[in-house]
Structure formats: C-alpha cells, structure tokens
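Engineer: Each chain is listed here by its residues.
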Amino acid sequence: MKSFGGPALFLDRSDINTDEIIPAKYLTEITKEDLKPYLLEDLKLQGFDPKSEATKNAGVVVSRANFGCGSSREHAPWVFEVNGMYAVIAQSFARIFRQNMFNCGMAAIELSAEQIDQLFSFAGAADAAIRIDVEKGSLTVTGGGREESMSFEISPFDQALVLAGGWVDYADLKY
Amino acid sequence: MGMTTAQKIFAAHLVDEPFAGTKVLNIDVVMCHEITTPIAIADLMARGKDRVFDAGKIKAVIDHVTPSKDSKTATQAKMLRDWARRHQIKDFFDVGANGVCHALFPEKGFIRPGNTVIMGDSHTCTHGAFGAFAAGVGTTDLEVGILKGVCAFREPKTIRVNLNGTLPKGVYAKDAILRVIGHLGVNGATDRVIEFAGPVVAAMSMESRMTLCNMAIEAGGTSGICMPDMVTVEYLWPFIAEAFAGKEEALAAYGAWCSDADAQYEQVIDLDLSELAPLCTFGYKPDQVKNVTEMAGTVVDQVYLGSCTNGRLEDLRVAAAILKGKKIAPGVRAILSPATPQVYKDAAAEGLIEIFMDAGFCVTNPTCGACLGMSNGVLAEGEVCASTTNRNFMGRMGKGGMVHLLSPATAAASAIEGKLADPRKYL
Ligand code: SF4
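As you go down the protein sequences, you meet chains B and P in turn.
All residue numbers for the first sequence refer to our numbering, where the first residue is 1 and numbers rise by one.
All residue numbers for the second sequence refer to our numbering, where the first residue is 1 and numbers rise by one.
Some hints here could point you the wrong way.
[Unchecked claim] List of simulated lysine-lysine pairs, DSS-like, C-alpha gap at most 25 angstroms:
hint : chain 1 : residue 1 : chain 2 : residue 2
1    : P       : LYS399    : B       : LYS44
2    : P       : LYS72     : B       : LYS36
3    : P       : LYS290    : B       : LYS44
4    : B       : LYS2      : P       : LYS49
5    : P       : LYS399    : B       : LYS32
6    : P       : LYS290    : B       : LYS25
7    : P       : LYS72     : B       : LYS32
In short, the hints are calculated from the structure, not lab data.
Based on the sequences and whatever the hints tell you, model everything.
Structural biologist: Listed below in structure tokens is the structure:
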C-alpha cells in the first residue's frame with residue numbers, strides 16, 4: 001500500500017475539472033510519467049502557480065466540492081500519482097474521478113464542509129502538512145505550530161482497492 | 001415495491017456484492033476509443049494479461065483525433081488498431097468508417113434496452129437514451145471491463161425529471177437539457193441516474209433523447225435514461241426484426257425495463273418547457289445558462305456544429321433550414337463535423353452539405369476534434385466559440401478560449417450574424 005500524506009496543496013475552489021488538472025492536449029502521451037510536467041497547468045486560481053516549488057513538493061491536495069468533474073480521463077489521478085500526490089481530500093468528488101483514484105490504489109477522501117474549512121484554516125502556514133491513515137480512517141493536519149486530527153469514512157470496497165493496490169488484480173483474481 | 005429502470009438493470013446484471021453498497025455487474029457492451037484505451041492495452045500487456053473477455057461484446061473506434069494529426073496520435077490509433085486485429089474485434093471502426101463513438105455505436109444498433117454499457121469516456125451516458133444503464137469509466141475500469149466483462153458501481157439513486165408541456169418552436173432537446181442542468185447544477189446528480197420522462201420526452205426522436213442523455217454527466221449523473229417505447233423499437237427495428245415476430249412483441253419485451261409506476265425516486269423534478277426559450281451557457285460551467293436573447297450580440301470568432309451531443313442528421317437538418325440561401329457573417333468561421341459517415345452521406349444526399357458549404361462552412365470528416373481542443377478547430381487565446389458541444393470548461397476547445405454551448409439552430413443563427421443570436425427569427 002502507498003503511504004499517504006505530505007505537504008498540503010490547497011486549491012480553494014469548487015468544481016475543479018479534469019481539463020484543469022490535465023489538459024486534453026496531453027492525452028496523447030502514452031506513459032503516465034510523461035504527464036508529470038503538466039500537472040494543473042490550466043488551473044487559474046489566485047495565489048496558485050503550477051510550476052512553484054510548493055506545488056511540486058506537495059503530497060496531498062485539499063479542495064472544495066465536486067472535485068474532478070468533467071471527463072473520465074484517468075490521466076487526472078495519474079498526473080497526481082507521478083507527482084507523488086497519492087491523496088486528494090475534498091468536500092465531494094465527481095463519481096468517475098473518485099473511482100479512478102481508488103482503482104489506482106490512491107485515496108479520494110470526502111470530508112464535511114466544516115472539516116474542509118478547518119483544513120483550509122491551515123492554508124496560510126508554509127509548513128502545512130497532512131498525514132493520513134487510510135486503514136484507520138483518520139488524518140492529522142499540522143502547520144504554523146498547530147495540530148488537529150479528524151476522522152473520515154471510505155467505503156469498505158474502496159478501502160479494499162487501496163489495500164490491494166488497485167482494481168485490476170483484485171478483479172482478475174475474483175471474477 | 002416497484003423498481004426503476006436502473007434498479008431492474010442492476011438486479012438483472014448482478015454478479016457480486018463484495019461489500020454492502022458495491023455492486024459488480026456484468027457488462028453487455030464495452031466500448032473503446034483511441035485516447036483512453038491504449039494505456040489500458042499497454043497495462044494489460046505489461047501484466048501478461050493481453051486478453052479480452054468476449055470480442056463480440058467489445059466495440060472500438062478511432063474518433064477523437066482522426067485521421068491522426070501527428071506521431072503521437074498515430075501511435076495511439078495504431079495501438080488500438082493492432083489490438084482490435086489481434087483479438088479479432090470485428091466491430092472496429094477505422095478511418096473511412098469511423099465517427100464520434102456516441103453517435104456511431106447507436107447508429108450501428110449496438111445498444112439495446114436493459115443493456116449495461118461502459119466506455120472510457122464520460123459521455124457514455126448518451127446510450128441511456130435506449131433504456132440502458134450506460135456509464136463513463138476511467139482506464140482501469142475499462143481495462144477490467146475488457147479483461148473480465150465486469151464493472152463495480154455503487155448502486156445509484158434515481159432522479160426523475162419530468163419534462164412537461166411541449167417544446168416551443170425554435171427550442172430543442174439541447175435547450176431542454178441545458179435547462180435541466182441549470183436546475184440541477186453541475187453536481188446535482190452525482191452518483192445519480194437521471195431518468196427523463198414526460199410528454200416532451202415521449203414526443204422526442206431517438207436523436208433528441210441522445211442529446212438529452214448525453215449531457216447527464218454535466219450535472220454529475222452516472223447515466224441518463226429514457227424509457228424504451230415505440231420510438232426506441234422503430235429506431236432499432238432494422239437490427240432486431242429477426243428476433244421478434246413484430247414491433248408490438250419487441251415493445252412488450254423492452255417495456256419490461258421501464259420503471260414501474262410505483263418505483264421509488266430520490267427526487268422528482270417537474271419542469272414545464274412550454275415557455276422555454278433558446279438557451280446558451282455564459283461561463284465556464286455547463287450550469288451557467290441564460291436565454292440567448294440576454295447574450296445576443298456577443299461577438300463570436302468561430303461556430304462549431306458537431307459532436308456526440310449535436311452532430312446527427314436531425315441537428316444538421318435544423319441548422320441547414322436556417323442557413324439555406326444565407327451566408328455566414330464576415331469575420332466568423334464556421335465548422336461542421338457530421339458525427340458519423342452515415343450522417344455525412346445522408347446530409348449530402350439531402351443537399352444539406354451543399355447548403356452549409358454555400359453558406360461558407362468548412363465541412364470536416366466525422367471526428368471529436370475541436371470539441372476537446374485536440375484538432376480541426378482549436379481556439380486561440382481569447383477567442384469565442386458558439387458550439388453545439390457539451391462542455392464549456394476553461395480551455396476545453398483551446399487554451400484561453402471561451403465556449404458558449406447552444407443548440408444547432410442557435411449555432412446557425414449565430415453564424416449568420418457573427419454574434420450569439422436567437423434562431424426563432426429565422427424560422
Ligand atoms: S464529441 Fe466531444 S464530448 Fe463527445 S466523445 Fe468526442 S470529445 Fe467527448
């Protein structure tokens with residue numbers, strides 16, 4: 001199983017779509033690794049720079065509602081994966097993006113609006129980081145000398161996919 | 001207790017419920033295109049699992065960028081082509097026979113009421129127009145679909161949308177679905193099936209129903225669904241005539257998939273469309289919808305007519321009726337991509353292609369092309385496009401471009417004026 005956590009990248013907007021995560025013009029790449037430089041290239045958000053060190057070093061993404069809406073492209077989870085971001089935390093996800101994350105053995109974690117607000121209260125801290133324990137369903141956020149913990153739920157199936165490292169081997173064994 | 005169409009399909013296709021709330025279904029039709037499938041193929045090969053569960057149930061097409069525009073897209077096409085050959089997938093559509101997947105596959109009669117359908121493409125929801133459960137999936141789900149013929153879903157709840165009244169003149173399925181998305185919002189139907197019903201749907205052609213279901217995903221929906229009726233049977237008849245003694249018998253068989261009268265819905269929405277005006281989007285989200293009259297005068301650089309939403313013969317007829325004998329405005333460029341070779345051929349036979357060309361349209365081969373900003377009409381920074389497609393995300397048709405989603409009629413009127421325009425004055 002992948003380990004989940006690291007410096008947090010805060011994307012303070014709802015409805016961040018798959019075209020913003022990885023523009024269609026890069027869908028012609030044949031390997032996941034080739035996607036790496038194009039992470040969030042078209043996302044226009046105040047204070048956000050796709051090329052900054054903070055973006056490149058992040059290990060977890062935190063965002064608002066309906067994250068990953070739009071196309072079915074699994075390139076969206078992949079571009080996070082090859083950049084070492086194995087978890088996205090949001091108030092809600094588009095269905096296909098959420099499933100794609102778990103199918104790749106990554107985590108799409110849904111929290112309440114209040115919990116997301118709490119996480120965003122750490123956005124100002126340069127050292128904001130989140131540790132996630134997928135099996136226990138808990139996470140800890142630290143930054144600016146503060147620390148807070150919260151719990152979350154993911155479905156048993158999604159958890160099984162994370163533990164199995166993805167859906168292909170799981171399904172081929174079972175069906 | 002009664003069941004919805006989606007519940008019936010889930011019950012009939014259930015293979016396993018590994019955990020409460022997760023249902024693994026067997027899949028009747030697995031569709032593939034050259035953007036999302038090659039990576040699945042490569043991964044299967046790397047795992048030593050280069051197999052297909054049933055070549056007869058797999059359909060494949062090169063449609064997103066075709067004919068290939070560069071080495072990379074040529075490689076993607078080749079990977080799909082070689083794979084289809086290797087596994088003897090006979091329903092494979094290459095250059096010359098290819099068209100936009102969600103228009104081409106229905107036209108070939110591949111989708112039947114009660115089917116489960118997946119594809120590595122979010123607009124797979126289109127096929128729900130036939131009373132099927134049709135869901136877009138990612139590459140991994142597609143890969144498992146190819147290998148094992150199964151897919152896992154959370155059983156979706158159903159939102160029923162009753163479209164009441166009658167569509168006024170100049171108002172079409174595209175306006176109806178924009179109205180629905182405006183009502184639901186971009187995630188109002190996440191993990192939900194949208195069941196379209198009511199007199200407006202009953203009066204619609206299969207083409208129009210596909211336009212409706214096509215954009216269910218723009219409200220977050222897993223699948224759109226229209227219940228099968230005589231319109232469905234008539235459309236499918238050339239493909240099913242041998243299986244049934246008559247159309248009534250087919251209707252009775254397919255009708256079994258219709259939602260029961262006492263089915264439970266999570267939500268029922270009633271919209272009266274009798275007063276609906278032509279609509280268009282104004283922002284970067286498909287739920288940002290206004291009457292075209294409010295946007296009239298917005299200058300456009302390009303008009304695009306095509307895609308899995310509105311590139312069918314019915315759409316071309318509506319637009320051509322408005323364009324007949326007219327010219328597009330100076331300074332605007334207009335592009336038509338008929339969604340399939342059959343649409344192209346029929347449009348030519350009816351004289352529609354000539355009308356478009358006389359008006360000043362560029363007519364391209366059937367392809368997704370500009371719809372996702374990959375080829376054949378990509379926008380430049382700051383350009384504005386009046387488009388019959390389904391997605392207006394920032395950068396969708398080209399970095400820095402602005403897309404206004406609208407009906408083929410509104411696209412035609414906008415081409416004539418070079419500005420967003422109300423089509424009703426041309427009817
Ligand atoms: S026409 Fe556009 S929306 Fe439809 S399948 Fe092609 S790229 Fe996707």
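Engineer: Could you run down the list of hints and mark each one as holding or not?
Structural biologist: Cross-check of the supplied hints:
no.: 1; hint: LYS399/P x LYS44/B; in the structure: holds, 11 angstroms
no.: 2; hint: LYS72/P x LYS36/B; in the structure: holds, 17 angstroms
no.: 3; hint: LYS290/P x LYS44/B; in the structure: holds, 24 angstroms
no.: 4; hint: LYS2/B x LYS49/P; in the structure: holds, 24 angstroms
no.: 5; hint: LYS399/P x LYS32/B; in the structure: holds, 22 angstroms
no.: 6; hint: LYS290/P x LYS25/B; in the structure: violated, 29 angstroms
no.: 7; hint: LYS72/P x LYS32/B; in the structure: holds, 14 angstroms
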